[in-house]
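Colleague: Take the sequences, apply the hints, and build the full model.
Top line first, the protein sequences correspond to chains A, B and C. The opening position of the first sequence corresponds to residue 1 in the UniProt record's numbering, with each subsequent residue numbered one higher. The opening position of the second sequence corresponds to residue 1 in the UniProt record's numbering, with each subsequent residue numbered one higher. The opening position of the third sequence corresponds to residue 1 in the UniProt record's numbering, with each subsequent residue numbered one higher.
Don't read these hints as lab results, they were simulated from the structure. The beta-carbon is built from N, C-alpha and C at its ideal position, and this holds for glycine as well. One should not assume that every hint holds.
Listed next, with one range per pair, are the computed distances between beta-carbon atoms [as the list claims (entries may be wrong)]:
no. : chain 1 : residue 1 : chain 2 : residue 2 : range
1   : B       : V297      : A       : P71       : 44 to 50 Å
2   : C       : V19       : A       : T112      : 56 to 62 Å
3   : C       : P173      : B       : E115      : 30 to 36 Å
One-sided excerpt, in silico: chain B residues whose CB lies under 8 Å from chain C [as the list claims (entries may be wrong)]:
no. : residue
4   : L32
5   : P64
6   : V136
7   : G139
8   : G155
9   : R247
10  : F249
11  : T277
12  : F281
13  : L296
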Amino acid sequence: MAEVRLENVRKEFGGVVAVEDVSLTVADREFLTLVGPSGCGKSTTLRMICGLERMSAGAVFFDDVPVAHLPANKRDVAMVFQSYALYPHKTVAQNLGFALRNLRVPKAEIATRVDEVAASLGIESLLERKPKELSGGQRQRVALGRAVIRDAGAYLLDEPLSNLDAQLRGSMRAELKRLHADLRRTFIYVTHDQVEAMTMSDRIAVMKDGLVQQCASPEEIYARPANLFVASFMGSPPMNFLSGEVQRDGGRLLFRHGEVTVELPEHAGPGVDGLSGRDAVLGIRPEDVRLADQGGIPAQVFVAELLGADVLVTVRLGEELVKVRVPAPYDGRVNEAVSVVLAPDKVHLFDPSDGRAVLAARSASVLERQESL
Amino acid sequence: MTITAVDTGKPRSGTEQRPRRTMGDTARAYLLNAPAMIVIGLLVAYPIGYSFWLSLHRYNLKLPALERFVWFQNYLSLIGDPAFLSSLRVTVAFVVVVLGLTVILGTALALVLNETFLGRGVLRSLVLLPWAMPGVVNGLMWRTIFDAKTGALNGLLLQLGLIDSYQAWLTSPTGAFLITAFAQVWNTLPFTVIILLAGLSTIPSEQYDAAKVDRAGVVQRFTQVTLPWLLHPLLIVLILETMNAFRAFDTIYVLTGGGPGDATNVIAVLNVRTVLTYTDFGLGSAYSWVITIVTLVISIGYISTLYQRGRIEV
Amino acid sequence: MTKKVVLHVLAIGFALYLVVPFYWIVNLSFMHEVDAASVPPHFLPDNPTPANYLGFVNPSTDQALVGSNAVGDTPYALLNSLVVAFSTAVVNLVLGTFAAYSFSRIQFRGSQLLLIVYLLTRMVPGIAIIIPFYLVMRTLDLLDTYGALILSYTTFALPITIWILKDYFRTVPRELEDAARVDRCGWFRMMWTVFLPISAPGLVAAAIFSFMTAWNEFMFALFMTSSISSQTIPVIAANFATDLNTQVTLMAAAGVLAVVPPLVLVLICQRLIVQGMAAGSVKG
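Modeller: In structure tokens form, the structure reads like this:
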């Protein structure tokens, strides 16, 4: 049971900055995910929380107790490794019980706990096997079991699902989320997969270049990305972006991209005003774009991909390709002329000079008919 | 553009508290090396220095009165010393013959063992046999085989009708030289084979598959795939076997004792005799320094070749 | 098809090359001295006898005279060799593990230089250091003890041991160490319970190399020992050789005995030896 707090944590490897400056608080019993592209410093941050990596600067607290000086074996943490890191010379039971042995838990109790954990993960029949006799999914479960058998303050998971095939990954996501609910402990999860981040987390910290770009709930991150990077990284299929210019036209604020003009919604307020007359990037998620027969922005179908319940239609809008998510079935042909309607309330606007969001989607708004000029 | 998520209102506390100073990596590494460094420093580095110091002295245990510092006189006297010059000649010939035979036989044997055939496991085990034999026993063994009166070779050749009468193989200078070289090769071959075999085992089989797909024949597969991978282990073999051959002593000492005449009197044998029999420590140390420098120069040559090819990683 | 034939011919040729010389002394070792001296030689003992081997335990009067009591000394020499070789292997593994770990896991100033210095000490032939070494051992009062031999062989084998181990250690995934730390192991416990068991092939290869170095060495044994309290089997075997009135069958029997312990050892561990060496020492 622990709140984990990072204050201005920094890590350099021989002059190369891996983590620039990260401050975060992970609440007790929270499931927080560090997500970002490879090399963003997420794993290094996790390893510093764990104590496997020394910090170059900053402080880490577990429940307000500073732990920076403690090596990993003195910190109250358990960890699941990307490669599983099962001890090849030990059986599954020995792998599971190893930490407890080191903690000098009585043998009988270790045996009981190993059985319990094995039962809860469905690996009872594998206890006497060696790791090399296990399948990838089974190894993953053992690695997970080796962490959850511990009564640790925080459970750290470093891309635990990345070595599984797609189907198994899907089911393990659900299991992990359920496990967190049952254990009611602090989970800090690292992944490069934004779907994992979205589906499991209480909160997500999106990282890039050694900095936290945004830390908020999945809903918030999805609906109101703080900057261009978060907007482009989170969400699948990704958000559409159009570069253009903001103009003031009487009482209205307009976004112009070549021939395309979008009227910005009323809540666009003062933040956008500052951009008036300057370059801007408009973002909109594929599901917030509609295809109409007429009355929208004219475009041509580029390609249509069936996703199942939905169809992802890519349309050519001027020089840009825009993705539109429409319910199946869709029978538009390649190069067919269509009309694109953007939901005005769902429009994001970014300042290209620093990528910051100046206008976010209003989450609960009705799709309105777009007036195009 | 960064939104650093300090999502608690708590004041920053404890950042002034420095983490306990932990040992630097370099200090830790040298601490781990300390035992090895002490042993090697005391028992090798110091003796090396001391023996160099001795080599600058006239120092004979039997003639303590004559002891004095003579600068490089011991080394200078080597230039005109017929025993030294002849032993240098013998040693160089010995090293070349042994190295050549070892590399050829070792490569052939390693390649054979790398194939699959019935009895491969047996042959693999047999390879280790000479390795388990101490050099002295190796010398004894070949002595009984080449013995002029009771030797197995004489018996075999006579029974096959290849010779008319028993030959005293070890009394002819050329015969004795070749026999010692042959015995030395037999003894050191396993080490070479193990290194080459380990090298061969690291060649990814995909490379052979790719070569087969590219229609490479047996010869091309060997020159294009096997040989490049074998170069590195072969160079290691060259370094180690050169060192071994330069200091070859045990087998020769027992087999011929350096004779007949000076035919097998390699520098290591001469050196031991100078130190042990004549107790001339000054001259003996000079001999050993010559061996050291020659091996060193050759090894540096090999190692720089390795480095140039960019194939070594220390 | 021709390839198969060539392969088998080569294999048989090599097998004979490797085994026939050794077979000859095994053959001799079961003969009576009279048969061994006969012309033509017997390639099979007509009249096999274990007398030569029994002689090591309970030498007859004429056996006892051979090679200044070499026969009686042989069992003790074998025991000395075993103790010295085994201790050398252990000492080497301990010292080598610490050093090799630093080379495989820590990036530190001077690591390359240090590694090369270790190897350079192997370039110096034993004879070059034997006199000062002798004096050091005399100062430490270790002459004619196991200690002198174990220390000398450790210096011989340590550089190679470090080299083999560092390469093997590099193949052990770092995440396993991390996992052990997270599982509440301190460094020593991590090494003992996780790192070293996983490194077993490398450790075995290094141990065998040190064992063989110690078992086979002759020159230092000759200088550092003076009595059967520490003389090793090569020294005693050489005594057979230097005695002009030696019995060739006894000598052969002693030779066979000198080969058996290391041979058994390498045969048991042969798979691990190649595996341990293949980890990197010889990789391009």
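Colleague: Evaluate each hint against the coordinates.
Modeller: Results for each hint:
1. B:V297 to A:P71: 44 to 50 Å: holds (47 Å)
2. C:V19 to A:T112: 56 to 62 Å: This hint holds: roughly 58 Å between Cβ atoms.
3. C:P173 to B:E115: 30 to 36 Å: holds (32 Å)
4. L32: At 4 Å from the nearest chain C Cβ, L32 (chain B) passes the 8 Å test, so the hint holds.
5. P64: Because about 15 Å separates P64 (chain B) from the closest Cβ in chain C, which is outside the 8 Å limit, the hint is violated.
6. V136: Cβ of V136 (chain B) sits 4 Å from chain C, so the hint holds.
7. G139: With a minimum Cβ separation of about 7 Å from chain C (threshold 8 Å), the hint on G139 (chain B) holds.
8. G155: holds (4 Å)
9. R247: Holds - the Cβ of R247 (chain B) comes within 8 Å of chain C, reaching about 4 Å at its closest.
10. F249: At 6 Å from the nearest chain C Cβ, F249 (chain B) passes the 8 Å test, so the hint holds.
11. T277: violated (12 Å)
12. F281: For F281 (chain B), the interface hint holds, since the closest Cβ of chain C sits about 5 Å away, which is under 8 Å.
13. L296: holds (5 Å)
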